Amino acid sequence: MRNSDMTPAARGPVVEVVDVTKTYPGGGGARALDGVSVAFEAGSFCAVMGPSGSGKSTLLHCAAGLDRPDSGRVLLAGQDIGGLREPQLTQARRRRVGFVFQSYNLMDALSVWHNILLPQRLAGVRPDRDWAREVMRRVGLTGRENDRPGQLSGGQRQRVALARALASRPEVIFADEPTGALDLSTGREVLGLLREAVDGIGTTIVMVTHDPAAAAWADRAVFLADGRIVTELADPTAEKVAAQMMAVTV
Amino acid sequence: MIRLALGTLRQHRGAYAGTFFAALLAVALLAGGGLLLASVLTAKPPADRFAAAAVVVSGDRDVTLQKVTTKEKKGKVKVKRKVKSERLTGAGSLPVDLAGRLGDIPGVATAVADVAFPVQARTPDGRLLRGADDAPVIGHGWASAPLTPYALRTGEAPGPGQVVVDADLANRSGTTVGGRLIVTTKTGVRTMTVSGVAAPAGRDALPAQGALFVADTEAASVSGLPGPTAVGVLASPGTDLVALRRAVEDAAGKASVLTGADRVRADLPGALPDYIGPLSIFGFVIGITAFSAVFVLTGTVTLGVRQRLRELALLRTSGATPGQLRRLLGVESVLLAGLAALPGAPLGVLFAHLVAARFRDLGAVPAQFVVRTNVMVLIAAAVAGMLVTFVGARIAGRRAVRIAPTQALAETANAPTGGLVLRIALAVMTTAGAIALLVFVPLDGPLGMGMSFVSSALLLCTVAALGPLLIRVVTAPVSRLVGAGGATGWLAGLVTRADPRRVAAVAVPLVLMFAINATMLLNSVLVDDLTAQEQVDRTAPATAQVTAPGGLPLGTVERFVALDGVTGVAATLPTRAIVEQGGKPEDFATQGLLVAGSESALDLDLRAGTLPGMGTFAASEYITDQYGWRLGDDVRIWLADGHEVHLRLAGVYARARGFGELALPLDLVAAHDPRGLVSTVGLRYRGDVPDRIAASWPDLRLTPTLGAAPPGDAQNQQGAWELMVVISLGFTAIAVVNTFAIATAARRREFADLRLVGATTKQLRRLVGREAMITVGAGLVLGILVAAIVVGAFSTAQGGTLRVFVDAGTYAGMLGGVAALGLVAGAVPARVLLRRRSLPALSDGR
Numbered sequence: 001m002r003n004s005d006m007t008p009a010a011r012g013p014v015v016e017v018v019d020v021t022k023t024y025p026g027g028g029g030a031r032a033l034d035g036v037s038v039a040f041e042a043g044s045f046c047a048v049m050g051p052s053g054s055g056k057s058t059l060l061h062c063a064a065g066l067d068r069p070d071s072g073r074v075l076l077a078g079q080d081i082g083g084l085r086e087p088q089l090t091q092a093r094r095r096r097v098g099f100v101f102q103s104y105n106l107m108d109a110l111s112v113w114h115n116i117l118l119p120q121r122l123a124g125v126r127p128d129r130d131w132a133r134e135v136m137r138r139v140g141l142t143g144r145e146n147d148r149p150g151q152l153s154g155g156q157r158q159r160v161a162l163a164r165a166l167a168s169r170p171e172v173i174f175a176d177e178p179t180g181a182l183d184l185s186t187g188r189e190v191l192g193l194l195r196e197a198v199d200g201i202g203t204t205i206v207m208v209t210h211d212p213a214a215a216a217w218a219d220r221a222v223f224l225a226d227g228r229i230v231t232e233l234a235d236p237t238a239e240k241v242a243a244q245m246m247a248v249t250v
Numbered sequence: 001m002i003r004l005a006l007g008t009l010r011q012h013r014g015a016y017a018g019t020f021f022a023a024l025l026a027v028a029l030l031a032g033g034g035l036l037l038a039s040v041l042t043a044k045p046p047a048d049r050f051a052a053a054a055v056v057v058s059g060d061r062d063v064t065l066q067k068v069t070t071k072e073k074k075g076k077v078k079v080k081r082k083v084k085s086e087r088l089t090g091a092g093s094l095p096v097d098l099a100g101r102l103g104d105i106p107g108v109a110t111a112v113a114d115v116a117f118p119v120q121a122r123t124p125d126g127r128l129l130r131g132a133d134d135a136p137v138i139g140h141g142w143a144s145a146p147l148t149p150y151a152l153r154t155g156e157a158p159g160p161g162q163v164v165v166d167a168d169l170a171n172r173s174g175t176t177v178g179g180r181l182i183v184t185t186k187t188g189v190r191t192m193t194v195s196g197v198a199a200p201a202g203r204d205a206l207p208a209q210g211a212l213f214v215a216d217t218e219a220a221s222v223s224g225l226p227g228p229t230a231v232g233v234l235a236s237p238g239t240d241l242v243a244l245r246r247a248v249e250d251a252a253g254k255a256s257v258l259t260g261a262d263r264v265r266a267d268l269p270g271a272l273p274d275y276i277g278p279l280s281i282f283g284f285v286i287g288i289t290a291f292s293a294v295f296v297l298t299g300t301v302t303l304g305v306r307q308r309l310r311e312l313a314l315l316r317t318s319g320a321t322p323g324q325l326r327r328l329l330g331v332e333s334v335l336l337a338g339l340a341a342l343p344g345a346p347l348g349v350l351f352a353h354l355v356a357a358r359f360r361d362l363g364a365v366p367a368q369f370v371v372r373t374n375v376m377v378l379i380a381a382a383v384a385g386m387l388v389t390f391v392g393a394r395i396a397g398r399r400a401v402r403i404a405p406t407q408a409l410a411e412t413a414n415a416p417t418g419g420l421v422l423r424i425a426l427a428v429m430t431t432a433g434a435i436a437l438l439v440f441v442p443l444d445g446p447l448g449m450g451m452s453f454v455s456s457a458l459l460l461c462t463v464a465a466l467g468p469l470l471i472r473v474v475t476a477p478v479s480r481l482v483g484a485g486g487a488t489g490w491l492a493g494l495v496t497r498a499d500p501r502r503v504a505a506v507a508v509p510l511v512l513m514f515a516i517n518a519t520m521l522l523n524s525v526l527v528d529d530l531t532a533q534e535q536v537d538r539t540a541p542a543t544a545q546v547t548a549p550g551g552l553p554l555g556t557v558e559r560f561v562a563l564d565g566v567t568g569v570a571a572t573l574p575t576r577a578i579v580e581q582g583g584k585p586e587d588f589a590t591q592g593l594l595v596a597g598s599e600s601a602l603d604l605d606l607r608a609g610t611l612p613g614m615g616t617f618a619a620s621e622y623i624t625d626q627y628g629w630r631l632g633d634d635v636r637i638w639l640a641d642g643h644e645v646h647l648r649l650a651g652v653y654a655r656a657r658g659f660g661e662l663a664l665p666l667d668l669v670a671a672h673d674p675r676g677l678v679s680t681v682g683l684r685y686r687g688d689v690p691d692r693i694a695a696s697w698p699d700l701r702l703t704p705t706l707g708a709a710p711p712g713d714a715q716n717q718q719g720a721w722e723l724m725v726v727i728s729l730g731f732t733a734i735a736v737v738n739t740f741a742i743a744t745a746a747r748r749r750e751f752a753d754l755r756l757v758g759a760t761t762k763q764l765r766r767l768v769g770r771e772a773m774i775t776v777g778a779g780l781v782l783g784i785l786v787a788a789i790v791v792g793a794f795s796t797a798q799g800g801t802l803r804v805f806v807d808a809g810t811y812a813g814m815l816g817g818v819a820a821l822g823l824v825a826g827a828v829p830a831r832v833l834l835r836r837r838s839l840p841a842l843s844d845g846r
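So the protein lines, in turn, are chains S and R. Residue numbers for the first sequence follow the working numbering, so the first one is 1 and each next one is one higher. Residue numbers for the second sequence follow the working numbering, so the first one is 1 and each next one is one higher.
Keep in mind that the hints were calculated from the coordinates and are not lab data. Predicted model, so just to flag it, every value in this text is computed and none were measured. Any given hint could be a false lead.
Pair ranges (Cβ atoms, derived) [to be verified]:
no., chain 1, residue 1, chain 2, residue 2, range
1, R, Ala820, S, Gly124, 57 to 63 Å
2, R, Gly319, S, Gly180, 21 to 27 Å
3, R, Thr321, S, Ala238, 41 to 47 Å
Built from N, CA and C at the ideal position, the CB exists for glycine as well.
Just chain R, with the same shape it has in the complex (with noise of 0.2 Å):
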């Protein structure tokens, strides 16, 4: 049966090269991604802070909720308790008394309480201090170098005014031993002079931070933590360490504590590398390669294994049991995925690196990020390729195998189209979820990007399903549309109507294009629109805008307040915030909110209630509703750094867009948001104002009012979308030709035949250009109705009005791009083909 296999395998190349090219692509995809997915999942903190530690206390790093059922059954009572939690973006803090407790612990040699805090730190003559790939610089007291070690290497320990940098910091900044830095923390902007430079041992710096070390009494001044975030034990040398280890747990109390690998978690969030994003970045990214992937090769599989139907008929008729032929298609379609694969994997690891590297230099993913090659991952690809290959050929050939040999010699002629019942229970079934997810996920939340995705696959998968159906519907009007007028156009229009098949397996990988990047790329721009929409409209009330390098801290806003001829201040601070449903902890974007002054400087576009004020806050209609909120109601908010608090429902705003789900008071989000630094003041001012601010703040940078640029994290996301969208595009335009190149090598026969009637080659050649602008005309009306679904759904939750072109540039562009390749793809396979030989058929053996 092999051989067999193999023989087959010489009879029709083209078939065969198209199924191995997609399978190849789509193994290379999934690998890929599947790398990218498995080394988010598994990158480890480069560096551990507390590597000369026995054992770490850690404050609160994440919100954790349990909910208890009780069921009864049968008298039996079920409990049953579900666990969720939420990281926290800030850390909780210790007692401050608890260094002193765990001191006393025998093995123990000291206990260190550790403060971390972010700082801001700049040279006098304004260059901002960063680490290697920009990291970010975390400040100490301190008290806490022993715990990497970090040993001076010049100058002393800081004392009141002072601070230690490490080398790598001083090395970028030029500063030296006396040198003078700006710091900037929420608790308000320091001169401080440098007293030493300390490094760990054999290294410039910890890599992904930078270290900033004040003098223990300064540090919880400088930082405004209430305690220490963690406390670091240094155990005395012999100690049993298991032993110490319950002993801290029993003194810390409900405190988690850390040892080996672990003990990096007790480290600021903010000091180490946020995989969180990523995370959802490559999810995204894996979800639409492999759709797109496994979508594309049950499509080409099926069309190669069409185009055999007669040959497998003839097995029949000499002699092949069905069963037979049933393994020789599983297992030729296994041994071609497998070939595949060879070629696949290790070019998947090339992608999985193109697209890493690119993402870094997007700061879409963290400098440190790497792709490690996980053989289990492209094993796991390499599985998956066989096995799509695998049942789509059976599926493919199912009808073939099934029916008797001279039923199956007459069908393959004029096959009709095949399991109607079984394609109209998929596409219902397909369109029935996408109609439900269009319609009750509320699409302008946070998860109506990835639905409104989700839901123009299960759209495509109705267009894949019916398409022998629609395209016949389609291609009817269309065909006489481009078939008026002589006779190639006549012809065409015959064939396609004739053979909706064979247009549909050709035209399906256009509506995946269209529709796909049609809507990734639509979306996007519609969110982008009306995020800047809103944010000028936020902002239109404020004569100015001020911000400073790295923010300002809550002192300066409140003295701008108190500014003669200043009539109205709205002072933010981004932050995150926790809230709770049904025991499921969940944060969101979330601003610390300051509005002063008889005159409005900010317009939220209320929609009931007030802004927030003391113990009061307000929320987004989203989120008011998806809550189930009323004003007046008591809410439970937990802040960055884990802190409960109880705040009153004061008011429903519409303006959410590129600002944050809810609006706290600011003097509480600027104490426990770890940085707590105002992002920007819109003013309302008379006078000379601007000229008393540039006095008093040389620093401080006053633009007019035009709608500030998006914060840089939003830029990220956009980059790594349009890198996403590029990978799609190509990936869907490799696949649109391929398809072309599969169905065209197949009609040799057929343009043999319409030669020796008297066709010329020129003839020919246009018959296919008109054939090709029919199938491209059919698949974009197809693709233009599945993006305008979810784009129009999409647009009409996220705006409140209904779009489907939402930026005609971009449309205009994509409905060229995708009709130009699709015409090229058509007609470059023929013309390779015709060019061959006059008369193609008399060498076929005929």
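In isolation and in its complexed conformation, chain S is listed as follows (with noise of 0.2 Å):
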């Protein structure tokens, strides 16, 4: 834990990816990451783009310090994460990452607040309830304190999950496809929540997915193929992701 004081760098980078290069065994040798290469700047929102299989989920997985890459680094807050090992690894990502995935992960044995302050509690912090009061004011949770997330609709379990991630002020958000079960304008609102995170709070989100749609909310969207970054757009549009997907996928 040398890195452990170390103040984040203002308006740099939260997150380095510095040719990492993956390959799942009983793939066929195939290489999920091939020589990536990718920073994500605090307080940005980045959409990483791509095709079935082309190791954007695997991207975000490495990034976020829950899969290991066979070779190159990750910087976590400047803090290189290659070389954590269990525990430390874990403790590093909880108290830098928060995380929202198409599945929610809640935990249904626990009502929505306390969904919210789990994360603080595991990493034996004072939860900071107020922040969680405010965070779920902002995502329109409030007055479902109680509720247990199976009494809760698809969006508003993935409110749930973002403002537990947002609870536990993270220097970084990873969501892998977050409106991937949602309906269309439910998933319109998550990614409107995504976007006010951003600008409102000020924090940084690194979203996975391959709806142009929900790149469009996205500062900048990075396209894989093959697992390779083939371009990247500033400011995408709907249109101009789509068209980037079909040049990729072809």
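With the hints as a guide, bring both chains together as one complex.
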């Protein structure tokens, strides 16, 4: 934990992936990631795009410290997490990273309120309840504190997941197909909340998606194909992203 | 549909493996218990001493009563006859002249009067003669030899003062012709000379009984019997046996006439292996194992199906009809249990053999007992296993199957406690049953032990039916206690409170394990304690207890009474006697009792009246209550040989444990008990009485009263009981481990989610540990409650005082053992699951 008191570089990259390679056993030797380098700036909203099997989820897992690259470096807020072993890796993750997944990944046994505070409790820090209430207000969950995830709709569950991610004030939130299980309008609402988090709170968001409309909410879109970054777009629109996707897929 | 069932089999390996394992064990236990019981029921006497006789006439071997009730209904008179009988421990005898009368029947070559009586034979250096497998030695008149037939190998037929023994006894004791044996019967102790050695054709002795022949002229005086116990009829060659039998029946009057395999029933009851004791033992074994097996299997199946409710709901949304789902669950459960029965049935055979071997070693079953593999029993066990699995699966899946698909999906995440009405109705019924048993059945009687077991089984059903509700109540305080401090404790508390059904599924086997085994152990310790204490209290007034190997003849006791310096004598002769109520004969442990002298040598804690004397008897408080007797009542009593007497109730005593429910005059019992030997004589004396006794009777043992050892029979029962507890403990322990494993295997996803939000592996292990503590705590609270109710009621009935813990050591051991097992069983599967991958969720295809 040499780097524990290092402050994130102001407005610099929060996450840096440098020349990362990853091969899954049993994949026929094909590389999921093949020398990928990319940086995600603090306070930005970046979409990672690409067709199925392009390696976008693998990139997210490696960048978030959920999986280890075979080679290359991953810097999380300036800290090289490649050299960390469990449970230091988990500790680094829970201090700096929040997650929003397609399948929500909420604890059914806990109420909305307890789900939102859970990461902080596990980290052993005193939960910031005022901030948690504020986050709940922002995502529109006020009044649902005592509900169980099972009693909520999909969109509401994803709001809980976002609130949970925001409540511990992470340096970056990784979102893996956050609208994948939602209908169009609910998905738009969730994307609007992500956008709100970046603009209003200054959160950094890295979102993996294959949906051009979702990518249009981001500041920047990075395109992956066959484990390599092929191109990127600044200020993407749905049309530009769709066109680029066509190009990548063909 | 079968393909679908097989497909889902792959999906939920954990739940299936657990259900399979539970079904396998359940089938094995059911098969094993069933085989033992069936083997006892079909056990055949190993030898027929009357093999050479065509027809055997037997004296009474049971007391049979007929109750005739007449009912008038709509002008019609209905006559109901109920015949009930109870086996005798001795043998009734036949008229002395019967053999002569039977001998005159045409076609009868000879009619042989058979006198059979137990003897105690010792070599002069004190070695007791016993047959193979500790078989008893039975005395006969030499005339009985042709009935088997026994033929002389060496020597000659016995004359007065002489005996012939079978070759096996001769070998074992090293006795040869011309040697001496000390023969004790109820008529006295005799030193007799061996005049010959005889054996049945082709072997040294009959299995399970040794034979000792005395001269026919001495048979009556040695045995003390008024007549033959049976008459064997040897037919002339070419006689029509059916006609012969009819003729014998005409001549025999009311005595039973036996042919074929039934002939063996004419033998002395004590000469044949006794399968009545084992019957009740194995009945108990199968009762406990069947209950535990069905109970555990139902719980496991329910847990397994519940883990798949989401999948079932998905099937509903994708167009499966409720009927299809029901069929799916049915096919799948029958398939699973059927497969489990394949290894389960052979395992049951093995189980039966192991238990039988252990019981033989303990002497709880006759040495001749063998387990016969009965295919019907195995099939029945397999079918029972399939049926329980089938019904369990159908009940557990009923809600997911019935409701609308979308509702099904929504509910699975947060399933409410279904079938509340059913659960409560079931619980009310079982609780009422348990209370009724504990309140209305006299628990201090012979049914007490069994009924306390049944009531704890019923209470366990209540716990299972109300599982989630009870667990919710109990978990709240327990989880707050365990959950205090730390994020993992907090989380464990929330998780256990949030899913009472899962906690209940795991806790209920723990409740079963503690309650059933604690009840069995504590109740038996309680009875042992009370019996030992009563034994001490009973014998306390005597200065010393006199015993002899095998027993003392009445004559010796009478000489004690006359000894100078002896101030009190209390001689007891254990036997059994039958009394009747409402046309139903029932036999009870009984003592022949002789009390003499100016001081008492026995304290039965008389509550009313006096000890038995001429024409009177005393009875325990229990039996007096049960039969509604009052002092002065004239009571019909059948003695061990079926002899009916009328005695007046003279006294009621309290200290009956380890003694008997009835105390009859000693001389009466001695005359009609087959052995008729006094077991113990309590003496009060002054001066050098012990020296004089030692001088006159060197074989007698005189020990200061310190509470004599419990009778051998009680020790056998104790060993059998302990073995049953071991079986029950083993099975319930496996059930606990299995349930924990199933429940944990299903939480892979939950653990992965927790890892994603930042829980370390260590935190998860701690979480699971805390959850196990809460579950075990809740299970033990309920287990303690059930055990306390049953043991409390039992102890109040037995000893008059309420005792819950009975024996602190046993109790603490049980509590600690169950808790330790639960904690380990809770922690280990989670550790295995967590070790596999650092983040199991990522490869789960999400």
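Here is what the structure says about each hint:
1. Ala820(R) <-> Gly124(S): 57 to 63 Å: 30 Å, violated
2. Gly319(R) <-> Gly180(S): 21 to 27 Å: 24 Å, holds
3. Thr321(R) <-> Ala238(S): 41 to 47 Å: Once the Cβ atoms are compared, 42 Å apart, the range 41 to 47 Å for Ala238(S) and Thr321(R) holds.
Comparing the model with each earlier hint shows a violation of hint 1 alone; every other hint is respected.
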